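A.B. asks: FYI, in full-length UniProt numbering the residues of the sequence shown are 1 to 208.
It is worth saying that the hints were derived from the structure and are not from the lab.
Keep in mind it's a predicted model, so treat the numbers as computed, not measured.
We treat Cβ as the ideally placed atom computed from N, Cα and C, and that holds for glycine.
Possibly wrong hints are sitting among the right ones.
[Stated by the list, open to error] Here are the computed distance ranges between Cβ atoms for each label pair:
id	residue 1	residue 2	range
1	54	95	53 to 59 Å
2	161	53	47 to 53 Å
3	152	33	21 to 27 Å
4	58	33	23 to 29 Å
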Amino acid sequence: MPTVTRRAKQSRAERREAIGNRLFTIVERLLAEGAVFSEISVEQLITEADIARSTFYVYFEDKGALMIELMERVTKAVGDAANDWFQLPPGATRADLRKALARLAAAYRQHGRMMSAVIEAAAYDPRVQEEYAAVMARRCDDMNRNFIPQQRDGSIRGDIDLVAVTPWLAWMFERGFNQLAGRDGVMTESALDGATSVIWQTLYEGTR
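When you get a sec, could you build the whole thing from the sequences and use the hints?
C.D. replies: Encoded structure:
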């Protein structure tokens, strides 16, 4: 008698992850085509994703809830790209810092339109605004968790209060990229040089 192979049923979490990935790709494409997130309808999203309206609302209360989901994905990608800077080894040079920041800039470039959509949504949706603030607070925490031990071992200047400085660095890069990147989303060499100078002189000048 032939063996029947049963396909494992997707869990709710796996289904949500798959739909979230599909919607992330769709939204990024629509934004790249010139759409504004606030003008993208749920109907357009479910048609593009080939899912039922009821399925969308099983996982997302509304477009604001979807934006929070998309923001978590893009901020994870940006956070992963920041690790080369956050974990810059002792003895690293200014050129090493620039290379690390270039990787971070590349992540912003890849997802720049989505980040702009997050900022747009945060202006009118208090839930997105709250989550965006929480994301930035976690980024500052990540910076301090990495930078404070480096300061103790002398790799970062000892005369600065990192807890006071890191929010300025986090928001500088976040907003600076959105303001200073070219229309094609590419950070110019001079802009990257400027970011490197600010961060080097703030954190590392005189330590290596």
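A.B. asks: A separate judgement is required for each hint: does it hold in the structure or not?
C.D. replies: Verification of the supplied hints:
As the Cβ distance of residue 54 to residue 95 is approximately 54 Å, the hint placing it in 53 to 59 Å holds. Distance hint check: the CB atoms of residue 161 and residue 53 are about 51 Å apart, consistent with the given range 47 to 53 Å. Separated by about 49 Å at the C-beta atoms, residue 152 and residue 33 break the suggested range of 21 to 27 Å. A hinted range of 23 to 29 Å holds for the C-beta pair residue 58 and residue 33, which are about 27 Å apart.
Taken one by one, the earlier hints fail for this structure only at number 3.
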